[in-house]
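Protein chains: 2
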Amino acid sequence: MKFKLHPQLKQDCIAIGRFELCHLLMINDSQFPWFVLVPEINGITEIFQLNKPQQSLLIEESSTLADTLNTLYNADKINIAAIGNLVPQLHIHHVVRYRTDKVWPAPIWGKLPAIAYLEQELSDTLGSITHALQLKSMSFSTS
Amino acid sequence: MKFKLHPQLKQDCIAIGRFELCHLLMINDSQFPWFVLVPEINGITEIFQLNKPQQSLLIEESSTLADTLNTLYNADKINIAAIGNLVPQLHIHHVVRYRTDKVWPAPIWGKLPAIAYLEQELSDTLGSITHALQLKSMSFSTS
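One line per chain: the protein sequences are A and B, in this order. So for the first sequence, the numbering used here puts the first residue at 1; every next one is plus one. So for the second sequence, the numbering used here puts the first residue at 1001; every next one is plus one.
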């Protein structure tokens, strides 16, 4: 069965590229550098439903992403979470946090309505993250 | 250097046992079955700072815990998160969620003041989780 991204993720996110296991998306909210990994496997809602090699790949891809974001954005903290109370398809949030951001130290989920990126800002952001990931990871490719 | 648990985790949690990499703690809040894994490595604040074998162990132990909680509590969802905006020592939350719980579908962090377990309730809870993990995982032991 062909992989189908959940319609809510399709609506909220911009597709950036993919790793071996996961699609990389970015939430279209200019208030936070906020990225989402979605393993390309239908019908999965929990990490423990992945088999062991998939779990290892997931944490490897998550760590490549988090490490890259940490450097690229000079983050104070990376918040990583698999929540999925509203969107059941397994997706793992990676959010760059600063002590000076709008909701620090609270987690960001459900706090502020999204503010979409402006066109130039979006293209700069996608360009820099794509470039940084391609330098960092052999397995990352743009979609 | 001997491993030291962050004082805030010491204060909020009850030590349950350990896996090969992580200590397992439970947050003393009877409103949510809420468990925390802490890798026994000093000075780590992000998952990507662990080496690859440690990352694989972490996701394996996390999945054993989440799978066990899912069955034991008949959960609607397991929420897993590494946030650490307030407590820098790397710790990964595992929270059993129900569609009927007090803050569903919002994430629980920062939502409600904790209500400590009553003595009998605490001993029953610790007994059942310890038993379930020992059945599930060769590497789990009580502290």
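Since the hints were derived computationally from the structure, they do not count as laboratory data. Please read these numbers as outputs of a predicted model, since none were measured by experiment. Misleading hints may appear alongside valid ones.
[Said to hold, decoys possible] Some chain A residues well away from chain B (every beta-carbon gap over 12 Å; in silico):
(1) 4
(2) 6
(3) 9
(4) 17
(5) 26
(6) 43
(7) 45
(8) 50
(9) 60
(10) 68
(11) 85
(12) 116
(13) 122
(14) 128
(15) 131
[Claimed, not checked] Derived coverage of chain B by chain A (criterion: at least 3 residues anywhere in the stretch with Cβ under 8 Å from a Cβ of chain A; other residues may be distant):
(16) 1029-1037
(17) 1062-1068
(18) 1079-1086
(19) 1121-1133
Cβ coordinates follow ideal geometry from the N, Cα and C atoms, glycine included.
How the hints compare with the structure:
no., hint, verdict
1, 4, "holds, 20 Å"
2, 6, "holds, 15 Å"
3, 9, "holds, 16 Å"
4, 17, "holds, 19 Å"
5, 26, "holds, 19 Å"
6, 43, "holds, 15 Å"
7, 45, "violated, 8 Å"
8, 50, "violated, 8 Å"
9, 60, "violated, 7 Å"
10, 68, "violated, 9 Å"
11, 85, "violated, 4 Å"
12, 116, "holds, 23 Å"
13, 122, "holds, 26 Å"
14, 128, "holds, 19 Å"
15, 131, "holds, 19 Å"
16, 1029-1037, "violated (count 0)"
17, 1062-1068, "holds (count 5)"
18, 1079-1086, "holds (count 8)"
19, 1121-1133, "violated (count 0)"
Figure legend: structure checked against the earlier numbered hints; hints not met, in rising order: 7, 8, 9, 10, 11, 16, 19.
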